[in-house]
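**Q** Sequence:
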Amino acid sequence: MAHQAHALPWQTLADNFKFVYANTKYYGRTNLYPCLKPGQGKQLQHFARVFARLMDDFSAQELEKYPDELTPPTDDEIFIPDSTVKRISKTVKYYKTPKPRSTYSNEPKELRLTEAERKLPYWLLNIRDDASYPKDEVLECVELLKTLVSYGEMEPLMRLASHPAVHLQTIWSFPYDRDIEHGWTDIKNCALMAYLCLNMFLVKPELYDPASRSQKLNEMRKARSPVYSGRQCDYRNTSSYQKMLVHCTFTRSDSQYEVCALPHREFFGIERHMISTPNWNGLAKAQVGYGPWSELLDAKYRSWYVPSVSDIPTVVSIMKHFVPTELALQILEHADYTAKRRVPVPNDPLHRDNAEELKKYLSYCWKVLARVDMLLKANGKWIDWEYEVTECIYDLWGVPYPKMCTTKQAWEISGRREGDIDPSRVLRTFT
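Heads up: the sequence shown runs through residues 1 to 431, numbered per our numbering.
Derived DSS-like pairs: lysine-lysine, alpha-carbon spacing no greater than 30 angstroms straight-line:
1) LYS18 to LYS403
2) LYS65 to LYS86
3) LYS65 to LYS377
4) LYS119 to LYS99
5) LYS109 to LYS93
6) LYS42 to LYS377
7) LYS99 to LYS135
8) LYS367 to LYS119
9) LYS367 to LYS86
10) LYS96 to LYS340
11) LYS135 to LYS381
12) LYS408 to LYS377
13) LYS367 to LYS90
14) LYS340 to LYS86
15) LYS367 to LYS96
16) LYS109 to LYS99
17) LYS96 to LYS109
18) LYS119 to LYS381
19) LYS216 to LYS403
20) LYS360 to LYS18
21) LYS93 to LYS300
22) LYS359 to LYS216
Across the chosen pairs, the derived CB separations fall in these ranges:
23) LEU111 to VAL345: 30 to 36 angstroms
24) ALA410 to LYS37: 24 to 30 angstroms
25) PRO423 to ARG231: 45 to 51 angstroms
26) ALA5 to LEU327: 47 to 53 angstroms
27) PRO423 to GLY28: 35 to 41 angstroms
Honestly, the hints are just simulated from the structure, not real lab data.
Think of the CB as a built atom: it goes at the ideal place given N, C-alpha and C, for glycine as much as any other residue.
Produce the entire structure from the sequences given, and follow the hints as far as they go.
**A** Okay, here's the thing in structure tokens:
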């Protein structure tokens, strides 16, 4: 069942798209394509509006957990507590560890959160208007913000956002001259794309459930429609699923600044470098939907096994027959044989045996979106969720022809309230 099926009209969304394998009208790409039914635009826009209202309500409920008047941190105060530092230490070590060919020097580097990073002056120094081409110090500050959002450590961030000199929109987005996003907007981008994509396919069981697939193919035969094989009729063949998988998990060049990808890699079982598209640009996007998802992996990783949470105890129990338990654990740690996949069945997140972990993952994505919304509101900004959803739907399943939407600059819309986190963007409306 789709996440929040009682509140979000997932079926309405799904009913406006159909699966087409190797669609000859769109260069042989496999995907869900719009059915072009009467009233399609209104139904898609209705879904986006309901999503926006639901997010606003959920975010308001979460905000009630915090005082109406948040106290901004003082200059000397360590406002990120020790408990938080301990909880996020693994991720902090990850983004502070220089990767090959990074811009860091060979000088020894502190791989934990320093006292300075837990104080206000550090944030005021790095959150500034000239961050279009940020230095490593600014990028680390953004990664720390993403880390705190990912872990749900919101109280220090909410206090920070209430400070009058802190303007989080300055580090919201800075994509350099490439299509790789380094601002904290990308934690929203990944969560929203994964949330919409996987929920959409959950409402189309014929693309992942063997029994439903068999029934659907039989119906197609009786209707004398083009019939696909069971292997072809699979959500993992679609450009939308493959685009989402790459965007959420790919290795961002040789940069360590990819905190937003870590929880998604852990769920899907994608390790660093398994998908290392040089730049997530137009050329890379053009590759999706033309073959099995495994072709997106770098060649040497296509038969790579990523251990799951349940694998570790099994391996330890086997090794205990030959070496002491302590030594077995040391060997596994040295070999980096640690749990890096949450789903029990690899490479198929919608498999029925993965249902429990999938439910947790979709809930996590929703909570991340709510945390982003809360933080922006605490900082005097707001995010247009209706726009975000329409843009993501179009990015995953939209087509250029027949025309299915119109676009307009945000400033052209009269009566639009102030404080939009991205006031210069183009707004898309389904027609």
